[in-house]
Amino acid sequence: MPTETNFLVPTSYYIILSAILFALGVLGVLARRNAILIFMSIELMLNAANLAFVAFARSLINLDGQVFVFFVMTVAAAEVAVGLALIVAIFRSKKSIDIDELHSMEG
Amino acid sequence: MIGTILFLALAVIAVLAAVGMLTSTNAVHAALFLVINFACIALFYLGLGAPFLAMVQVTVYAGAIMVLFLFVIMLLGAERVSITSRLNWQIPVAAILTVALIGVTAFILFSPQVGTNLPVINTAEAPTSNTETGFEYGSPQSVGALLFNLYLLPFELTGVLLLVAMVGAIVLTRDEGKTPAGKRRRAEVVAEAEKVSGD
Chain A
1 MPTETNFLVP TSYYIILSAI LFALGVLGVL ARRNAILIFM SIELMLNAAN
51 LAFVAFARSL INLDGQVFVF FVMTVAAAEV AVGLALIVAI FRSKKSIDID
101 ELHSMEG
Chain B
1 MIGTILFLAL AVIAVLAAVG MLTSTNAVHA ALFLVINFAC IALFYLGLGA
51 PFLAMVQVTV YAGAIMVLFL FVIMLLGAER VSITSRLNWQ IPVAAILTVA
101 LIGVTAFILF SPQVGTNLPV INTAEAPTSN TETGFEYGSP QSVGALLFNL
151 YLLPFELTGV LLLVAMVGAI VLTRDEGKTP AGKRRRAEVV AEAEKVSGD
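For the protein sequence lines, the chains are A and B, in the order given. Going by my numbering, the letters in the first sequence line up with residues 1 to 107, in that order. Going by my numbering, the letters in the second sequence line up with residues 1 to 199, in that order.
In case anyone wonders, no lab produced these hints; they're calculated from the structure. In this text the structure is predicted, and so the values were computed from the model without any measurement. Here a beta-carbon is modelled for each residue, glycine too, at the ideal position from N, C-alpha and C.
Derived DSS-like pairs (lysine-lysine); straight-line CA-CA distance at most 30 Å:
no. : chain 1 : residue 1 : chain 2 : residue 2
1   : B       : K178      : A       : K95
2   : B       : K178      : B       : K195
3   : B       : K183      : A       : K95
4   : B       : K195      : B       : K183
5   : A       : K94       : B       : K178
6   : A       : K94       : B       : K183
Computed far set for chain B versus chain A, every beta-carbon distance over 10 Å:
no. : residue
7   : P112
8   : K183
9   : R186
10  : E188
11  : E192
12  : V196
13  : G198
The following block holds chain A by itself, in its conformation from the complex (with noise of 0.2 Å):
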C-alpha cells in the first residue's frame, strides 16, 4: 500500500485550478444571456471557492474551511430554489428568459 506523501498535492496547485474554476465562471455570467445558464456559472463560481477553501483547511489542519464549505453548500442551495422560481415566475408573464429583455420592472 503506498505510503500517504504519494499521494499530497501542494496546495498552491489547488489554488490555482480554484482560480481557473472562478475565472471560467465569471466569462460564463459575462458572456451569457440566458438566465439560467447564468445561474450555473455562479454555482461554478461557487464551487471554485469551496475548493480553495477545503484546500486550505487540509494545508492548515483544522477543519473549520470544510464546516465553512458546508454552509455555503446549504446556502447555494437555497439561492437556487429561490432563483429558479423567480426565472420560472418571470417566463410566465414575459415568456422569455433571455436577460437583455428583462430591462424594465413593469409587468
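With chain A held as given, fit chain B onto it using these hints.
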C-alpha cells in the same frame, strides 16, 4: 507522483467540463457538463481529506441542485431553443477580463512578497488522525462535532434560511388564477364548495 498525475488528470477534466458548459449551445448539455465538473470537485474533496464533504457535494450539488436546474430547463422548454448569441463585443471583452483575472491571481500567488512566502501554500502535510475531539480528520464525526458545538448558531440560522427559501419558492410560483390552468382549478374548487354547501 501518483497524486500529482491524478490531480492533473482530474483538473484537466474539470476545466474541460467547465469550458464545455460555457460553450455549449444546448442548455441540457451545459447542465450535464456542470454535473461532470461537480463530480470532479467531489473527487478533489476526497483527495483533500474531506470524505464527508465529498458525499455532501455529490448529494446536494450533483444530486439536488442540478436536478432542479434540469427540471426548470425542461419546464421552460429551454432545451428546444438553441442558444444563439447576439452579443458582439461583450464576449471578447469578457475573455480579456477573464484572462486578466487569472493573470492577477497568478501574479499574486507567485510573487515573492505575498505568494511564495506563505508556508500554507507551498507545503502540504497529511492531516493527523487525532484532532481535538479524537475523530479522524474530515470524517462526519469530526465535522459534526464542530458543527454542533462551535458553529451551532450558524447551523440553526441555515435551517431557518432553508425554511424561508422553501416558503419563498412556493409563494413565487403560486398561481393566483391568472393562467388558464389556475382559472380552471379555481372554478373547480368553487363548484365543489357550492355543491358541498348546497347539500
